[in-house]
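> Below, each chain spelled out in residue letters.
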Amino acid sequence: MTVTAARIRATRWPAVRPSAGLAARLGLATVWLVAGAAKVGDLAASGRAVNAYQVMPYDVATVVGAALPFVELALGVILLLGLATRLAAGVSAALLVVFVTGIVSAWSRGLAIDCGCFGSGGQLAAGQAPSYLPEILRDLGFLALAGFLLIWPRTPVSVDGWLAGEPAVEDDDD
Amino acid sequence: MTSRKGQRDAARVVRQQLARERRRRRTLWTSVGAVVVLVIAGLIGWSVWSGQKSDTFTAPPGANDAGNGIVIGGGPVTIDLYEDYLCPACKRFEQVSGATIDQLVADGKVRVIFHPVAYLDRYSTTEYSTRSSAASGCAAEGGKFKEFTDALFARQPAEGGPGLSNDELTDIGAGVGLNRDDFGSCVRDGTYRPWTDKVTEDASRAGITGTPTIKVDGKDVADPTPAGITAAVEAAGK
Numbered sequence: 004m005t006v007t008a009a010r011i012r013a014t015r016w017p018a019v020r021p022s023a024g025l026a027a028r029l030g031l032a033t034v035w036l037v038a039g040a041a042k043v044g045d046l047a048a049s050g051r052a053v054n055a056y057q058v059m060p061y062d063v064a065t066v067v068g069a070a071l072p073f074v075e076l077a078l079g080v081i082l083l084l085g086l087a088t089r090l091a092a093g094v095s096a097a098l099l100v101v102f103v104t105g106i107v108s109a110w111s112r113g114l115a116i117d118c119g120c121f122g123s124g125g126q127l128a129a130g131q132a133p134s135y136l137p138e139i140l141r142d143l144g145f146l147a148l149a150g151f152l153l154i155w156p157r158t159p160v161s162v163d164g165w166l167a168g169e170p171a172v173e174d175d176d177d
Numbered sequence: 170m171t172s173r174k175g176q177r178d179a180a181r182v183v184r185q186q187l188a189r190e191r192r193r194r195r196t197l198w199t200s201v202g203a204v205v206v207l208v209i210a211g212l213i214g215w216s217v218w219s220g221q222k223s224d225t226f227t228a229p230p231g232a233n234d235a236g237n238g239i240v241i242g243g244g245p246v247t248i249d250l251y252e253d254y255l256c257p258a259c260k261r262f263e264q265v266s267g268a269t270i271d272q273l274v275a276d277g278k279v280r281v282i283f284h285p286v287a288y289l290d291r292y293s294t295t296e297y298s299t300r301s302s303a304a305s306g307c308a309a310e311g312g313k314f315k316e317f318t319d320a321l322f323a324r325q326p327a328e329g330g331p332g333l334s335n336d337e338l339t340d341i342g343a344g345v346g347l348n349r350d351d352f353g354s355c356v357r358d359g360t361y362r363p364w365t366d367k368v369t370e371d372a373s374r375a376g377i378t379g380t381p382t383i384k385v386d387g388k389d390v391a392d393p394t395p396a397g398i399t400a401a402v403e404a405a406g407k
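Going down the list, the protein sequences come from chains V and F.
Start counting the first sequence at 4; every next residue gets the next number (the working numbering).
Start counting the second sequence at 170; every next residue gets the next number (the working numbering).
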């Protein structure tokens with residue numbers, strides 16, 4: 004029973020992987036585009052959200068807060084196009100690890116802030132409970148998408164594939 | 170193994186090596202291109218933000234020495250209030266504790282410094298936080314800051330909408346006794362927008378991450394109720 008299930012999965016996997024990769028790429032692209040767009044309209048507020056974590060001096064936090072939405076948007080566009088997918092996935096994973104670390108550290112220090120992941124951010128109003136755990140789980144989900152693309156960066160309908168001029172296959176034995 | 174087969178194998182190995190080399194170079198250059206795009210995007214963010222910051226500002230009459238708040242009253246204990254005119258929690262705070270603070274001012278016990286920060290520009294479609302804060306500067310110029318502030322909280326618009334228009338702000342100002350022409354043009358021209366930026370920037374720098382924030386002699390008041398504020402003022406006065 005388990006053996007046959009495993010075998011079916013093994014035979015289906017090569018057929019499923021390209022579409023799973025495409026879904027992961029477009030999903031991660033959407034995450035970055037939405038996150039960047041939510042913050043890009045008010046860069047000062049984005050800087051305040053970074054500052055609320057209290058991990059860097061105010062002036063550094065404002066610069067990071069101003070640059071971050073643009074980097075997120077660029078990352079979203081790069082993933083949407085499927086350009087240098089493995090690198091984009093690596094940068095995504097690195098950013099997400101930083102974000103998760105920031106939230107965990109805010110949690111452990113007892114700060115009551117909104118993560119500022121998709122706009123808003125900063126300190127919560129009195130009586131409003133922070134939702135650190137869902138925020139962390141959500142970021143870990145995004146991290147899984149990035150991990151998938153790190154391992155299997157070749158996806159259909161991508162600039163990478165077009166530049167290579169070959170169908171999306173990992174191994175190309177002649 | 171014939172020598173012909175050996176040659177074919179050798180040629181295949183060379184072809185494979187060339188292909189691998191091409192692939193490596195392609196990956197390198199696309200990666201370099203992507204990194205350049207990301208770095209440029211970050212620099213764009215930095216420069217856009219630097220361009221948005223204003224360096225010069227004029228504080229309205231009645232401001233404190235630092236120029237980042239309006240002073241009400243002259244008691245020995247200082248209460249700093251950081252509020253955004255769009256913030257619902259600030260309106261609730263004013264409803265619950267506003268009268269207590271007014272009484273402390275009237276009794277000569279406290280000096281209030283009101284910092285009208287613009288933290289919530291994203292929660293209106295017209296940057297209502299900034300416009301209303303700048304308008305409060307105009308009201309301070311006309312000597313009616315407190316009256317205008319109370320009127321703004323009484324007529325606080327909902328988050329997510331357009332907020333009050335400049336004309337509506339002018340009407341409210343005229344309603345509390347400000348000169349309609351002077352006040353109206355000050356609101357329309359955004360005369361005190363650079364001051365609002367300064368107030369907001371200074372509050373951010375001071376670590377004020379949310380509104381309302383209430384400080385008594387520089388210390389956060391955890392319990393901003395009438396009882397909590399009165400207790401904090403009495404403790405600070407000793």
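No lab work stands behind these hints, which were simulated from the structure alone.
The reader is advised that the hints may include incorrect statements.
[What the hints assert, rightly or not] Computed Cβ-Cβ distance ranges for the label pairs, DEER-style:
(1) F:Val-265 - V:Ser-22: 54 to 62 Å
(2) F:Ser-354 - V:Asp-62: 55 to 63 Å
(3) F:Lys-222 - V:Arg-15: 53 to 61 Å
(4) F:Val-201 - V:Val-58: 26 to 34 Å
Backbone N, C-alpha and C define an ideal beta-carbon position, used for all residues, glycine too.
> Please go over all the hints and tell whether each is borne out by the structure.
Verification of the supplied hints:
1. For Val-265 of chain F paired with Ser-22 of chain V, a C-beta distance near 56 Å keeps the hint of 54 to 62 Å intact.
2. Distance hint check: the CB atoms of Ser-354 of chain F and Asp-62 of chain V are about 36 Å apart, inconsistent with the given range 55 to 63 Å.
3. Between Lys-222 of chain F and Arg-15 of chain V the C-beta distance comes to about 55 Å, which sits within the given range of 53 to 61 Å.
4. A hinted range of 26 to 34 Å for the beta carbons of Val-201 of chain F and Val-58 of chain V is consistent with their spacing of about 30 Å.
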